[in-house]
Amino acid sequence: EAGVAQSPRYKIIEKRQSVAFWCNPISGHATLYWYQQILGQGPKLLIQFQNNGVVDDSQLPKDRFSAERLKGVDSTLKIQPAKLEDSAVYLCASSSLESPLHFGNGTRLTVT
Amino acid sequence: GNSVTQMEGPVTLSEEAFLTINCTYTATGYPSLFWYVQYPGEGLQLLLKATKADDKGSNKGFEATYRKETTSFHLEKGSVQVSDSAVYFCALHMNTGFQKLVFGTGTRLLVSP
Numbered sequence: 001e002a003g004v005a006q007s008p009r010y011k012i013i014e015k016r017q018s019v020a021f022w023c024n025p026i027s028g029h030a031t032l033y034w035y036q037q038i039l040g041q042g043p044k045l046l047i048q049f050q051n052n053g054v055v056d057d058s059q060l061p062k063d064r065f066s067a068e069r070l071k072g073v074d075s076t077l078k079i080q081p082a083k084l085e086d087s088a089v090y091l092c093a094s095s096s097l098e099s100p101l102h103f104g105n106g107t108r109l110t111v112t
Numbered sequence: 113g114n115s116v117t118q119m120e121g122p123v124t125l126s127e128e129a130f131l132t133i134n135c136t137y138t139a140t141g142y143p144s145l146f147w148y149v150q151y152p153g154e155g156l157q158l159l160l161k162a163t164k165a166d167d168k169g170s171n172k173g174f175e176a177t178y179r180k181e182t183t184s185f186h187l188e189k190g191s192v193q194v195s196d197s198a199v200y201f202c203a204l205h206m207n208t209g210f211q212k213l214v215f216g217t218g219t220r221l222l223v224s225p
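As they're listed, the protein sequences go chains B and X.
Per the numbering used here, residue 1 is the first one in the first sequence, and the count goes up by one each step.
Per the numbering used here, residue 113 is the first one in the second sequence, and the count goes up by one each step.
Calculated from the structure, these hints are not laboratory results.
Hints are all accurate, no fakes.
The calculated lysine to aspartate or glutamate pairs, modelled on EDC-like cross-linking and capped at a C-alpha distance of 20 Å, are:
#1 X:K180 <-> X:D166
#2 X:K212 <-> B:D57
#3 X:K212 <-> B:D56
#4 X:K172 <-> X:E128
#5 B:K44 <-> X:E154
#6 X:K161 <-> B:E98
#7 X:K161 <-> X:E188
#8 B:K11 <-> X:E154
#9 X:K161 <-> X:E181
Derived CB-CB ranges, DEER-like:
#10 B:Y10 <-> X:G141: 38 to 48 Å
#11 X:G190 <-> B:G3: 22 to 32 Å
#12 X:V194 <-> B:R16: 39 to 49 Å
#13 B:S18 <-> X:A129: 42 to 52 Å
#14 B:D63 <-> X:M206: 24 to 34 Å
#15 B:S66 <-> X:Q157: 24 to 34 Å
#16 B:L84 <-> X:Y151: 23 to 33 Å
#17 B:Q50 <-> X:E181: 33 to 43 Å
Which stretches of chain B does chain X cover? Using the computed rule of at least three CB atoms under 8 Å from a CB of chain X, they are:
#18 37-45
#19 101-108
Predicted, not measured: the structure shown is a model, and the values here were computed from it.
Here a beta-carbon is modelled for each residue, glycine too, at the ideal position from N, C-alpha and C.
Take the sequences, apply the hints, and build the full model.
So, in structure tokens, the structure goes:
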């Protein structure tokens, strides 16, 4: 089966600019996650979708981060405006009732 | 809240050495426990898991046993290879509701020939 697809792989922006990341989960996986992985730390859950509804966004900085999964398949995560501390790898993952989380290769964001 | 604590790295070993990476957890209830591995430039891959006390997860020569009495899930391998060099993450999720993984900070393993 095809894995979780993410794009772009790398992105460099200046602070206060905007950026968007895209994720296409494994076909049939109802649950989609966005994690933030800062260098030297473990991944931290930003938001979790079940189909097109939000299950958990308690750690999403909602003043600057937004995410959507309009048709219950692919998803976008946006940061506007970006801060230096947003530099991290943004990981998308998906799962179903029968399978554990499968992760994409991530998008490495550098904010200068 | 629920949390995972891992030993700090890097762990540096010679090929064929024995590996232990310690992991302990704090949880209200009885979580499922996981080890994920992250090779350079790649996403996380599930290495092994255990869903209840005394279960042993194993894969690719790695093993970990769910110890409720010590709230631990230490990762072990009898003979490491250079190709095992990666970052290893211990994680848990509660067996209620939707899957939501809580990760440790990761332990980098460096294996030299």
